[in-house]
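Chemist: Take a look at the letters that make up each chain.
Number of protein chains: 4
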Amino acid sequence: MPSKKIRLGFIGGGNDSLIGVLHKVAAVMFDRYQIIGGVFSSNQEINKATAIDLGLDLSRVYNDYEEMAKVESGLDSEKKIEAVCILTPNFLHFPMAKTFLKNGFHVICEKPLSITLNEALELRDIKESNNLVFAVTHTYTGYPMVRQMTKMISEDVIGEIQRVDSTYFQGWINDIIHDKDQRKSTWRLNPEVSGISSCLADIGTHAFNMLELVCGMKVKKILADLNNLYDDNPLDIDVSVLVRMENGCKGTIRSTQIATGLENSLSISVYGSKGSLAWEQENPNYLYHYTSDKPLQVLKPGHAYNTNLSLDGTKLPAGHPEGIFDAMGNIYRGVARAIRLEKNEKGEFPTIQEGVRGMEFIEKAVKSNKNGNIWVELDS
Amino acid sequence: MPSKKIRLGFIGGGNDSLIGVLHKVAAVMFDRYQIIGGVFSSNQEINKATAIDLGLDLSRVYNDYEEMAKVESGLDSEKKIEAVCILTPNFLHFPMAKTFLKNGFHVICEKPLSITLNEALELRDIKESNNLVFAVTHTYTGYPMVRQMTKMISEDVIGEIQRVDSTYFQGWINDIIHDKDQRKSTWRLNPEVSGISSCLADIGTHAFNMLELVCGMKVKKILADLNNLYDDNPLDIDVSVLVRMENGCKGTIRSTQIATGLENSLSISVYGSKGSLAWEQENPNYLYHYTSDKPLQVLKPGHAYNTNLSLDGTKLPAGHPEGIFDAMGNIYRGVARAIRLEKNEKGEFPTIQEGVRGMEFIEKAVKSNKNGNIWVELDS
Amino acid sequence: MPSKKIRLGFIGGGNDSLIGVLHKVAAVMFDRYQIIGGVFSSNQEINKATAIDLGLDLSRVYNDYEEMAKVESGLDSEKKIEAVCILTPNFLHFPMAKTFLKNGFHVICEKPLSITLNEALELRDIKESNNLVFAVTHTYTGYPMVRQMTKMISEDVIGEIQRVDSTYFQGWINDIIHDKDQRKSTWRLNPEVSGISSCLADIGTHAFNMLELVCGMKVKKILADLNNLYDDNPLDIDVSVLVRMENGCKGTIRSTQIATGLENSLSISVYGSKGSLAWEQENPNYLYHYTSDKPLQVLKPGHAYNTNLSLDGTKLPAGHPEGIFDAMGNIYRGVARAIRLEKNEKGEFPTIQEGVRGMEFIEKAVKSNKNGNIWVELDS
Amino acid sequence: MPSKKIRLGFIGGGNDSLIGVLHKVAAVMFDRYQIIGGVFSSNQEINKATAIDLGLDLSRVYNDYEEMAKVESGLDSEKKIEAVCILTPNFLHFPMAKTFLKNGFHVICEKPLSITLNEALELRDIKESNNLVFAVTHTYTGYPMVRQMTKMISEDVIGEIQRVDSTYFQGWINDIIHDKDQRKSTWRLNPEVSGISSCLADIGTHAFNMLELVCGMKVKKILADLNNLYDDNPLDIDVSVLVRMENGCKGTIRSTQIATGLENSLSISVYGSKGSLAWEQENPNYLYHYTSDKPLQVLKPGHAYNTNLSLDGTKLPAGHPEGIFDAMGNIYRGVARAIRLEKNEKGEFPTIQEGVRGMEFIEKAVKSNKNGNIWVELDS
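So the sequences go chain by chain: U, S, L and R. Under the numbering used here, residue 1537 is the last one in the first sequence; the count climbs by one each step, no gaps. Under the numbering used here, residue 1537 is the last one in the second sequence; the count climbs by one each step, no gaps. Under the numbering used here, residue 1537 is the last one in the third sequence; the count climbs by one each step, no gaps. Under the numbering used here, residue 1537 is the last one in the fourth sequence; the count climbs by one each step, no gaps.
What the hints contain is simulated information worked out from the structure, not anything from laboratory work.
The list treats identical chains as interchangeable, and a pair is accepted whether it falls inside one copy or across any two copies.
Distance condition first, Cα-Cα at most 30 Å in a straight line; then the derived DSSO-like pairs of lysine-lysine: (1) K1407 x K1524; (2) K1237 x K1205; (3) K1341 x K1527; (4) K1524 x K1255; (5) K1337 x K1378; (6) K1524 x K1375; (7) K1337 x K1524; (8) K1451 x K1407; (9) K1377 x K1407; (10) K1337 x K1377; (11) K1375 x K1431.
Please work from the sequences and hints to get the whole structure.
Modeler: Written out as structure tokens, the structure is:
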């Protein structure tokens, strides 16, 4: 029986990479991928250490992506990597994706897809000729309530769209931008690495993608106002865009990296002739549905009233916020550390003593109630 | 080099089990466990199918837990399962945990630990004699902001505790309880399977555990008022408990399964002489810190102002709600389905076309701005 | 034509009284009362100054309540005060209310009604014999969404009530209670002035009243756990009460004055067989309606979907929070100060300059749009 | 002693006017105004009925504003109206305000100030020549937390402003706009009555005013995109504006009347180099203060940490939302109706029975506690 699991290779995502954690966990979440090898870092020490941590066969760890593409292409079809996951700086996405697509690998690539539109169009052409799967990881589109919003709009629940607003506000660059040295040294503001844009490329593109996705229609034209804040800063860090959608409706896309103190405030509102829908990423389990004549309705994941597309993205019953996976993950890690005698800090996981106390609580509570609601002591 | 990974066996958690999904994802989240085998279901078809989905060596899949304990105990120390994860109905926790502890396996066990307090005490004794790790999966204790709350209280941020309230409200049993047939047939209300309690054992024990954990002190005595609602229902489904803590302070534990329409509303508030802290599980990224003379402070995960214990439980920068792992997991699954030609529904993952559009948005926005904020069309 | 306005007398509520402000504004809000006179303070200077501020005929201002009752009783029926408003310390409510009731005045009295239950019963007897109107100002019952909640429950929207929780948490006494001198000197903790209770009498009674009101049924019995925190403090400052309602359902009333940092957190939740309702005083415009099978519904004042009783308590269209009256009041006061040349601080009210700017904004925005979305300068 | 009270005349605000209620209550809220007379409606029946309800001397009620201005101007300075309050349709603001200003009356005028910018400038000139007070009732500026936000920004709490967003979203016109007959007949969309704009003039101007107020600086230039939605609708109902502030910073003003289901969603966010502030009108008691390195701070009215300007606008202790005045007002009205035997519906005000029950609750709770936490029955 052929495995349902896909053999996956990583480009980037070494032990020192934040985005690497996210991709590694996501890849194993549904038992659909097996990480085989790759180039985890241009730093060969990190590259190797990451592979060892993942328990990989080191013969599948490569010095660079060209070597990887060449060697893997020559392997047996039962053995070779089927898909690659590209997590490198923006300017490397294009050459890497191009090489792997040309050699017949499916590609999962971080955004933005490339540095220029022409590069993106070229990738699209190769992908289509070779009939491969290509995903750009606009992660936020994976939330159950984004899926629900998309479906509700496509099913005409809010009628004809008459106004749209998509927003992505962060504040992190504020700590950098006002210091001349820092703003010169960050790679985000270096056009050679980041291309023609900082804010648009990093987060504006998420707001744009979310808008086209949930509306199920294209942005037809835009009028943009970009702000670099300092004359010696070559890239935008704050953006307001007027948009005109395919159906003629108007609205805005706004994104900024100087909303001081804001974390990751991505939100989208779509106003239709029969109602409106709003969602925000920092509280992703709530979808707000407004109408003229009924109370505000707040939809949450996992309920039968959601569409199949949304329910497919929910793994636990209603009321368990998606993050519960992370909570359980923390507990499992704590247990692993204790078993391996690495660390055993109170608070990392609930021990048998907590289990004993729980049982005592249950028995004593039943006893208190049975005896006419009297006080009962706990002593375990 | 010995693997950092722990060889893990499952008892329960077959393909048809919700809680199984949670444990499997959590186990792999930090690359610290490798699932080796076990008894995934008493239904042998599900047992086998689960093992195949996990890509396991079928020789490590057993018909029952006794066989598993026996065979695994006899294996090489480099090969045998090191820890077992018990996800079976409540009344089976005790015999299973006892067997594996006696044979030298670490145990991760779902709550409640057992059916009676005596069983729990017996397990604690064996665990301590054999010097093993034993975790009871009170999942909610794994949240970064619960860890933060626990640490802040232990570090005297809110002073002497002077009132406590821990609450766990659900509504799911309402759909069952008012129908005589249904309330007779659900295993939750069957004392033979569930022991002496429904609501206390299922969720009250979480509220109790959370209270002792975050306060860093024991509940000294309790006075309980239980409600079965119907005379022919033998178990509590609604509970109010007065508590007296070790330091003499007063408060309540309340839990119910008849709060119609509520999902999973676990919350804890601790009031001290210098301030108060409150947290709720349905919005787990927010910790509220109240004082008399300053504005309400809202703490969120991942910021440098958090304690190390909290930061250790956060995997991504501030503003990325923990559930983002789940969102990315959904995308990876969609890609896997597309690669395997199983399914390819629009909305399951962002394709290269979305990447192309993103690049066009960036270039055209920069162009609009450069030309004095004029309209520019998008046509890719 | 007889005036619709009721001639009202005040006992207490002088210029130094916070609660006085609330009653005076409420009395005039719907043009149904005319304040005629009274005893505004036992301090005769404050008494007189208040009357002058109110523009009253000083012959209707009295030295004490006995004099007031005597003189007013003797006046012409067209002229004499019809109703009195009692805003004095708790222990004075009873003798004052008794005196005025006996003399045929309607009474509006702050809570708690009296110091003992016997006093309260006596007042009820007199009121009923004399066929007078008597209101106890449980202010919170006046909110439109409390009225809506009450009506929805009486109309069986949530079915049979199966659990109730009413809560009133404040933190103000925390700043006093830990200091021996302060806790000895505050009148709230002095049994001679406050009676047998501090927390119960001050706020617990609101939580109790709200519970009986919205449920439309009585509390049948209670089991209470009171906390004085210090041995030398004679009165409760923290309370947990188990309740049994008339229909047998269970629940809690909790109130405290040591929830450090909390302001005025009154909330009520009622769980029924068909759904649940929840409301909290600090965000009084939201009523939450939970059911098993539909999204959470959030009701707000002023919408046609509300009951008549609720709509009757809403003065402006939906979306104007009730506090808008206060905002407008602040502006009017600023204007008055400017006219009287008392004060004219920027920010107290919007001047004609703001009006001019507003007009320029409108004209220039229309101009920008008309010319193809170009930049237009504002220069007024 | 001259009265502190200002003699006020109304133009508009008859019994059938919603905005009239707001102005009448605000005027009396601080005992600073006495309503003397005016022209409450062009419908003479309503005009008179309103005056009678207010208990006014009918000789001060006029047929039209010209008559009113003429007669009042001739009265004794001790007797004549000092200030007028103009609450008529937009196109009448200018001639009325002009007439009263010319005759030496202070003016309180609803927004928008006029139909054209030229009219507004003319009013400003007259007002300044005659040295009168002129207020435009941008009501929302009266909220304590708007005052707090304004002051914090002027005191450099958030540093140099680097981005601004002001928003006013409503949905009410959606029910009208899609029906050809309705959109032709509403006065809001009739240029002869409303001038050159609907959405900008009605609500956009509030968003604009709020922006200039809280930032303490002017908008320098704008680029606007207006939407009429239908070709036969002559006025804007949806607006997006790019702004450039005096200090060069960028941002947006957005206002719409087609955000279906939204009520009155006015909000303002100001992002500075040291932090950010955000406020929204539908939850006016919360001011959000974001910084890079500390937890989010939530400021609320009435606390000592607020500025004097803010505290001056707060009438009750912290935790009493401003709307409590309205709640108390509802109770007073209910009592008035009962006294006048007009109506006496349960739920309109708490009666003595509720007071008795409250006393019983207190006594019985103390008794339960004193006897070791036993059940005690309530029977009053």
